[in-house]
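Chemist: Quick note, the sequences are listed as chains A and B, same order.
Here this note's numbering is used: the first residue of the first sequence is 627, the next is one more, and so on.
Here this note's numbering is used: the first residue of the second sequence is 15, the next is one more, and so on.
Honestly, the hints are just simulated from the structure, not real lab data.
Note that beta-carbon positions come from the ideal geometry of N, C-alpha and C, so glycine has one too.
Just to be clear, a hint being listed does not mean it is correct.
Unchecked claim - Selected chain B positions facing chain A (in silico; Cβ < 8 Å):
#1 127
#2 204
#3 249
Stated by the list, open to error - To spell it out: a stretch of chain B is covered by chain A in this simulated footprint if at least three of its residues, at any positions, have a beta carbon under 8 Å from a beta carbon of chain A; those stretches are:
#4 158-165
#5 170-179
As the list claims (entries may be wrong) - Not everything, but these chain A residues come out facing chain B in the computed CB check (under 7 Å):
#6 776
#7 778
#8 798
#9 983
Given next are the chains, with one letter for each unit.
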Amino acid sequence: MSPKHSKSNDVNPILTLLYDKTFRSVVYQILVFGGVFLLGWYLVGNTMANLESQNIATGFGFLEREAAFGISESVIAYSPESNYGRALLVGITNTLKVASIGIILATILGTLIGIATVSKNWLLRFIGVTYIETFRNIPVLLQLIFWYAIINRGLPNIRSALSPIEGVYLSNRGLYIPVMADHPAWTWVGAGFIVGIIGAIILRKWSLKRLEATGHIFPHLSVGLGIVVAVPFLVWLVFGAPTEMNVPAIQGFNFQGGARMSPEFTALLLGLTLYTTTYIAEVVRSGIQSVPHGQTEAATSLGLRSTWIMRLIVLPQALRVIIPPLTNQYLNLTKNSSLAVAIGYPDLVSVSNTTMNQTGQAVEGVAIFMTVYLSISLLVSFFMNWYNKRMSLVER
Amino acid sequence: MLKKLTSTSAVAALSLSVLAAGVQAGETVDAVMDKGYIQCGVNTSLAGFSNATGGEWAGLDVDLCRAVAAAMLGDSEAVRFTALTANQRFTALQSGEVDILSRNTTWTLTRDTALGLNFAGVNYYDGQGFMVRKDLGVSSAKELSGAAICVEPGTTTELNLADYFRAQGMEFEPVVIENTSEVTAAFFAGRCDVYTTDASGLASARNVSAENPADYMILPEIISKEPLGPAVRHGDDEFMDIVRWTLNAMIEAEEYGITSENVDDMRDNSSNPGVQRLLGTTPGLGEALGIDEDWAYNIISQVGNYGESYETNVTELLGLERGINALWTDGGLMYAQPVR
Chain A
627 MSPKHSKSND VNPILTLLYD KTFRSVVYQI LVFGGVFLLG WYLVGNTMAN
677 LESQNIATGF GFLEREAAFG ISESVIAYSP ESNYGRALLV GITNTLKVAS
727 IGIILATILG TLIGIATVSK NWLLRFIGVT YIETFRNIPV LLQLIFWYAI
777 INRGLPNIRS ALSPIEGVYL SNRGLYIPVM ADHPAWTWVG AGFIVGIIGA
827 IILRKWSLKR LEATGHIFPH LSVGLGIVVA VPFLVWLVFG APTEMNVPAI
877 QGFNFQGGAR MSPEFTALLL GLTLYTTTYI AEVVRSGIQS VPHGQTEAAT
927 SLGLRSTWIM RLIVLPQALR VIIPPLTNQY LNLTKNSSLA VAIGYPDLVS
977 VSNTTMNQTG QAVEGVAIFM TVYLSISLLV SFFMNWYNKR MSLVER
Chain B
15 MLKKLTSTSA VAALSLSVLA AGVQAGETVD AVMDKGYIQC GVNTSLAGFS
65 NATGGEWAGL DVDLCRAVAA AMLGDSEAVR FTALTANQRF TALQSGEVDI
115 LSRNTTWTLT RDTALGLNFA GVNYYDGQGF MVRKDLGVSS AKELSGAAIC
165 VEPGTTTELN LADYFRAQGM EFEPVVIENT SEVTAAFFAG RCDVYTTDAS
215 GLASARNVSA ENPADYMILP EIISKEPLGP AVRHGDDEFM DIVRWTLNAM
265 IEAEEYGITS ENVDDMRDNS SNPGVQRLLG TTPGLGEALG IDEDWAYNII
315 SQVGNYGESY ETNVTELLGL ERGINALWTD GGLMYAQPVR
């Protein structure tokens, strides 16, 4: 090698390194990460210093302390003697309760209305579109307050509660309905119900296999439904068919016994469901319309019935368009449930607010509810992504 | 309604602003002098204490903020009000959104310590009571087992309520709504059997918000002590001194018989050395506080003494007599530390 050559070799490594793509991207990433880290470190340090100088308590020790405030409704056992951690858990379960029921109802209602808007029937289409345009264009918070006001001021006082059916009472304290009185049979009926569902799933697998092998169609839907109903019914008969009811009755200030839907929960569920339904209906409509009309025509020319065309041809293809935006709507409904605080439903934000106020630990409180909402959202996303993958067309 | 809309986000945003703002303790006095007004946190709507009618804030708590403004800036109008719900109030003060919290707030140990507040005094001695519809046929709080009870979240009221029912071995269903006007509306609509808050708040709801006040009664039990007073940030000693002595000056003025009517006459003609010191005829007190020597004169001439403020706001509007809020010389609890 000539000296000239070796000289250029001395310079080149740095230059090549500078122009190297991998090296550059690593450096940039380190710089950005370092910048974000330093900023975070500064903010946390500054916060701690400020909290310290104002003598504000910090840390998560408060979770162990007695909450000492009451919560109106709870899925898990709670009393003012419980600690703050438990109170927040009540908030989380209340959020999950309203979100999960809301998601199920909004999906069913949204699918029906979405199909209605592409229906050939003029009236159905008109009702669907009117519903969507009305409820989609009013802010959901106003809808919540509207429903709460309707329940509070529109429904009669508890002493003159409406009773459309014996034992069912509707007043501005909520809806009370009779439920089955405690009896060991009901646990077994529940077990029978689960067995019935498993049976129906096995039946469906078997009938599909037979369809592929022989071409014979087995009505697995109606027979499966029969199994789901029949098994618990038989169990109920075996246990002597208990019919004793726990009927709500007015005792002192309130109804005692039976099951109850509080005005706050009802207003929140109504508002969230009716609002999210409009978006889901639009998602379903666009999904159905994304399937080329030729598919329907081809299916028709093969002699399939129109319900079958919807179920076997259109919906499976529409689903892969529907599922990703549907996930968004599920997340929106869950996050919108935090508006509960406006109408006094004890959801996570409402309980956190009270906790923050009684303990003064706002930073910790906000951190907790942000983490919980993030976790719920990520879980819903994971599940829907998995479902989406299962539902996507297999390319051959 | 808009206030409610922002309530959740406000708590979150405020706590984040603790992150960034960097509240400097002890600098509120300089900041107030610089900007030329006081930012005062008050109740969203509680007739008698702080209520905006016709765009003008009025009430006992509002008067206190006006008095502080008069003392510091010589102008009782140099106040900007921030309406806060119970849940928002402490974060608003901690984060520096307001300089002073004058929002019928109970002085407790936890708030004075762990929440990083300093209470400057007591401007109303209160206690928690219960209000019910008369046709409910209840005459004592001990008969309330199983009742649905409307209450504001994040208050001592909420805690006392749970304590009281636990101690009595009774059940209750709390209906927790954040905004004062919304919670009273829910009670009047019949959502709850009982509304509980400080006795003054009950009187305010009954006399001002109820369609027919005669339909409602306040039960005889008072289940707690609720000393209500103004609070400032911990470590803000200079400002706390000014707030504390503003309140004391208002009470002391009533004791001396100085009113907004006769304050000029008293300043020029009184031979009482106490009055002369208070009104700045004999200088010294203003300098000690780091404000104008006319501070107390400005308070009394522009806002009035404690008795005048109580009379216009509480007695006339809510029909509540002085009771334990009378001067100590009349057998009450209002006792100013000597202004000298």
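Chemist: Against each hint, give a clear statement of whether it holds in the structure.
Modeler: Hints and how they fare:
| no. | hint | verdict |
| --- | --- | --- |
| 1 | 127 | holds, 7 Å |
| 2 | 204 | holds, 5 Å |
| 3 | 249 | holds, 6 Å |
| 4 | 158-165 | holds (count 5) |
| 5 | 170-179 | holds (count 6) |
| 6 | 776 | violated, 11 Å |
| 7 | 778 | holds, 4 Å |
| 8 | 798 | holds, 6 Å |
| 9 | 983 | holds, 3 Å |
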